[in-house]
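Between the sequences and the hints, there should be enough to build the whole structure, so can you do that?
Residue numbers (numbering that gives the first Met the number 0): 0 to 523.
Since the hints were derived computationally from the structure, they do not count as laboratory data. Note that the coordinates shown come from a computational prediction; the quantities given were computed from them, not determined experimentally. Wrong hints could be hidden among the right ones.
[What the hints assert, rightly or not] In silico PhoX-like links for lysine-lysine, alpha-carbon gap of 20 Å or less:
| hint | residue 1 | residue 2 |
| --- | --- | --- |
| 1 | Lys13 | Lys2 |
| 2 | Lys13 | Lys30 |
| 3 | Lys15 | Lys48 |
| 4 | Lys30 | Lys3 |
| 5 | Lys48 | Lys30 |
| 6 | Lys55 | Lys15 |
| 7 | Lys13 | Lys3 |
| 8 | Lys15 | Lys58 |
| 9 | Lys30 | Lys2 |
| 10 | Lys30 | Lys4 |
| 11 | Lys13 | Lys55 |
| 12 | Lys58 | Lys48 |
| 13 | Lys425 | Lys478 |
[Unchecked claim] Beta-carbon label-pair distances, calculated as ranges:
| hint | residue 1 | residue 2 | range |
| --- | --- | --- | --- |
| 14 | Ser70 | Glu406 | 24 to 34 Å |
| 15 | Arg300 | Ser69 | 48 to 58 Å |
| 16 | Arg281 | Gly44 | 48 to 58 Å |
| 17 | Arg474 | Asp318 | 40 to 50 Å |
| 18 | Gln6 | Lys425 | 49 to 59 Å |
| 19 | Ser33 | Arg300 | 47 to 57 Å |
| 20 | Phe487 | Phe315 | 35 to 45 Å |
| 21 | Val472 | Lys425 | 41 to 51 Å |
| 22 | Glu5 | Glu406 | 40 to 50 Å |
| 23 | Thr485 | Gly326 | 18 to 28 Å |
Every residue, glycine too, gets a C-beta built ideally from N, C-alpha and C.
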Amino acid sequence: MAKKKEQVLEELAKVKSIGPHLAEELYETLKIRSLEELVEAGQQGRLTKLNGVGEKTEKTIVRSAQRHVSSRNGASGKATPAKITAAKSPADKTTADKKPASTDLSKAAPATKTAQAKPAADKKPASSDLSKAAPAAKQAKAPASKQTKTQDVKKAAPAAKTKAQSNSKAAPAAKPKPVVKQAKMPATKSAVTGARPVAEKASAPSPRPSVSTARQASTPSPVASAAPSTSQGQEQVQPSPGPTRLARSLSARFIDTLRCPACGHDDFSVGSTSITCMSCQRQFSMQNGIADLAPPHVPDRSVTQRIMELRFYAQFYEDVMRPRLTGVVSDRTLREEYRLAADYLELDEDSRLLDVACGTANFTRYFAERLGLAELDGRSNLAQPLLVGMDLSWPMLETARNYLRREGLEDKVLLLRGDATRIPVKRGSYNRVHCAAGLHMMSDIDEALRNFARVLEPDGVCVIGTFILGEGVFRRFVKRVAEIPTKFHWFSREELHRRMERAGFEIVDESISGDAITLKARRV
Numbered sequence: 000m001a002k003k004k005e006q007v008l009e010e011l012a013k014v015k016s017i018g019p020h021l022a023e024e025l026y027e028t029l030k031i032r033s034l035e036e037l038v039e040a041g042q043q044g045r046l047t048k049l050n051g052v053g054e055k056t057e058k059t060i061v062r063s064a065q066r067h068v069s070s071r072n073g074a075s076g077k078a079t080p081a082k083i084t085a086a087k088s089p090a091d092k093t094t095a096d097k098k099p100a101s102t103d104l105s106k107a108a109p110a111t112k113t114a115q116a117k118p119a120a121d122k123k124p125a126s127s128d129l130s131k132a133a134p135a136a137k138q139a140k141a142p143a144s145k146q147t148k149t150q151d152v153k154k155a156a157p158a159a160k161t162k163a164q165s166n167s168k169a170a171p172a173a174k175p176k177p178v179v180k181q182a183k184m185p186a187t188k189s190a191v192t193g194a195r196p197v198a199e200k201a202s203a204p205s206p207r208p209s210v211s212t213a214r215q216a217s218t219p220s221p222v223a224s225a226a227p228s229t230s231q232g233q234e235q236v237q238p239s240p241g242p243t244r245l246a247r248s249l250s251a252r253f254i255d256t257l258r259c260p261a262c263g264h265d266d267f268s269v270g271s272t273s274i275t276c277m278s279c280q281r282q283f284s285m286q287n288g289i290a291d292l293a294p295p296h297v298p299d300r301s302v303t304q305r306i307m308e309l310r311f312y313a314q315f316y317e318d319v320m321r322p323r324l325t326g327v328v329s330d331r332t333l334r335e336e337y338r339l340a341a342d343y344l345e346l347d348e349d350s351r352l353l354d355v356a357c358g359t360a361n362f363t364r365y366f367a368e369r370l371g372l373a374e375l376d377g378r379s380n381l382a383q384p385l386l387v388g389m390d391l392s393w394p395m396l397e398t399a400r401n402y403l404r405r406e407g408l409e410d411k412v413l414l415l416r417g418d419a420t421r422i423p424v425k426r427g428s429y430n431r432v433h434c435a436a437g438l439h440m441m442s443d444i445d446e447a448l449r450n451f452a453r454v455l456e457p458d459g460v461c462v463i464g465t466f467i468l469g470e471g472v473f474r475r476f477v478k479r480v481a482e483i484p485t486k487f488h489w490f491s492r493e494e495l496h497r498r499m500e501r502a503g504f505e506i507v508d509e510s511i512s513g514d515a516i517t518l519k520a521r522r523v
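Here it is in structure tokens:
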């Protein structure tokens with residue numbers, strides 16, 4: 000009797016690293032209806048096709064499912080899968096003890112053939128019989144195959160000659176190509192050089208009147224440094240429409256999203272190493288590719304936040320600290336966490352992504368890799384996605400900048416120093432927000448989530464990676480006690496859902512692996 004869907008989902012959800020959402024996906028996508036089918040799918044490597052399931056998680060699921068199957072069969076008195084395989088195997092017990100069932104089946108074919116010669120002749124030959132019958136078939140059909148092969152060779156010869164003749168005839172027609180190419184080259188070059196100033200004007204950022212007026216009074220910024228050179232006539236060398244123009248465009252788009260953390264206004268004048276709020280006249284540093292719009296004093300910094308601001312910790316965070324933390328609390332590798340987050344974000348060429356608590360920009364750089372920003376041709380006129388990493392720790396951002404320079408992404412990924420509970424960004428400026436391994440360390444979690452919703456446009460995607468309490472009373476108790484000195488908050492799944500919905504999000508999907516959870520939500 001077939002089980003109902005609710006019974007199958009409940010059975011699958013008991014397996015380690017499988018939550019309700021993954022159980023539903025196993026049922027609908029892979030058509031799994033029992034634990035035995037789950038074990039078989041895991042052994043075939045089909046589980047890795049699902050989001051958030053890597054090789055390590057797949058092995059964990061298979062081991063846990065096998066334990067559930069063996070315990071259930073032991074309690075009901077049924078034979079385990081191993082016993083069933085042994086009973087069906089035609090080989091003797093000594094061979095079965097030494098070698099696996101697949102080898103036994105292949106070796107059992109001759110024995111079965113000698114014991115039951117006549118019935119086997121009536122049926123289709125097994126693979127071993129086919130292999131033995133091959134010589135006879137070859138002897139019977141050898142002349143025909145040789146004749147056919149000879150005829151094919153003879154037929155192919157005229158065809159090859161005809162093809163060679165056609166190629167030799169076509170050769171003179173292909174000779175004028177270089178002449179045509181040389182004739183077209185000067186025209187193409189002159190057209191490009193003639194259209195270059197127009198392209199520069201069309202692609203240059205168009206700031207608001209207040210920003211342009213302030214720029215004339217202040218020192219010219221690197222963002223607008225090409226404007227004077229184009230207005231001085233032919234004496235100045237025209238800048239090529241390459242990465243510099245795209246970098247200026249990205250910087251202008253980035254500055255246009257900012258909001259003053261002091262007064263809340265969004266009009267800035269841009270200097271060489273700073274930006275100034277036109278309302279309150281407060282200056283903010285903008286140098287080495289990092290815009291510093293963090294409040295001067297951040298209250299209630301926890302122990303974990305203070306550790307993140309240590310330069311020594313920032314240098315070893317990505318290569319040592321973060322992978323070890325992931326290995327302790329999750330069955331997924333860090334690379335699998337990157338892939339899952341990128342899949343949930345649904346990145347495309349129109350993405351405007353703010354990566355909150357980016358740290359050394361490890362996730363941010365992976366998103367840039369998925370978008371192909373490092374391989375983007377500088378001569379392309381297509382608009383780039385806007386990718387911004389934000390963190391409160393200055394050492395983390397400096398380390399992130401070094402990684403970005405090493406990978407050739409310093410002009411394609413922008414960095415912002417800011418507080419997650421007071422994000423210095425205008426309302427609805429981004430369509431995607433990501434936060435991994437940071438929400439549990441924030442002083443006001445609800446206020447941070449409300450800021451995530453504020454900077455997102457309607458239907459924008461928010462992906463959060465954090466840690467949950469997990470199973471076991473003692474385990475939960477230890478985590479709750481550890482929260483007191485560290486202020487490292489461990490969520491329950493229900494609590495995280497409730498906080499997200501209260502901030503204005505609708506839960507779309509989630510993936511749980513060990514004590515790690517990655518959650519996808521949309522702004523309502």
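Against the structure, the hints come out as follows:
1. Distance check on the hinted pair: Lys13 and Lys2 sit about 16 Å apart at the alpha-carbon level, within 20 Å; holds.
2. The straight-line distance between the Cα atoms of Lys13 and Lys30 is roughly 18 Å, inside the 20 Å bound, and the hint therefore holds.
3. For the suggested pair Lys15 and Lys48, the alpha carbons sit about 18 Å apart, so the restraint of at most 20 Å is met.
4. Simply put, Lys30 and Lys3 have alpha-carbon atoms about 13 Å apart, close enough for the 20 Å limit, and the pair holds.
5. A distance of roughly 13 Å separates the Cα atoms of Lys48 and Lys30; the hinted pair therefore holds under the 20 Å criterion.
6. Annotation: proposed proximity of Lys55 to Lys15 holds, straight-line Cα distance about 12 Å (limit 20 Å).
7. Proposed proximity of Lys13 and Lys3 is supported: the alpha carbons are some 16 Å apart, at most 20 Å.
8. Restraint check for Lys15 and Lys58: the C-alpha separation of about 11 Å stays at or below 20 Å, so the hint holds.
9. Of the supplied pair hints, the one linking Lys30 and Lys2 holds, its CA atoms being roughly 13 Å apart against a limit of 20 Å.
10. Restraint check: the Cα-Cα separation between Lys30 and Lys4 comes to about 11 Å, which is no more than 20 Å; the hinted pair holds.
11. In summary, the hint linking Lys13 to Lys55 is supported, as the alpha carbons are separated by about 18 Å, within the 20 Å threshold.
12. Pair hint Lys58 plus Lys48 holds up; C-alpha atoms about 14 Å apart against a cutoff of 20 Å.
13. As the CA atoms of Lys425 and Lys478 are separated by approximately 37 Å, the hinted pair breaks the 20 Å bound.
14. Roughly 49 Å separates the CB atoms of Ser70 and Glu406, a value that falls outside the hinted 24 to 34 Å.
15. Remark: the range hint 48 to 58 Å for Arg300 to Ser69 is upheld by a beta-carbon distance near 50 Å.
16. Separated by about 57 Å at the C-beta atoms, Arg281 and Gly44 satisfy the suggested range of 48 to 58 Å.
17. Arg474 and Asp318 have their C-beta atoms about 28 Å apart, which leaves the hinted 40 to 50 Å range violated.
18. Taking 49 to 59 Å as the suggested C-beta distance range, the pair Gln6 and Lys425 conforms, at roughly 50 Å.
19. Restraint check, Ser33 to Arg300: a C-beta distance of roughly 51 Å satisfies the suggested window 47 to 57 Å.
20. For Phe487 and Phe315, the Cβ-Cβ distance of about 19 Å falls outside the hinted range of 35 to 45 Å, so the restraint is violated.
21. As the Cβ distance of Val472 to Lys425 is approximately 46 Å, the hint placing it in 41 to 51 Å holds.
22. Range check, Glu5 to Glu406: about 48 Å between beta-carbon atoms, so the 40 to 50 Å window is met.
23. Separated by about 19 Å at the C-beta atoms, Thr485 and Gly326 satisfy the suggested range of 18 to 28 Å.
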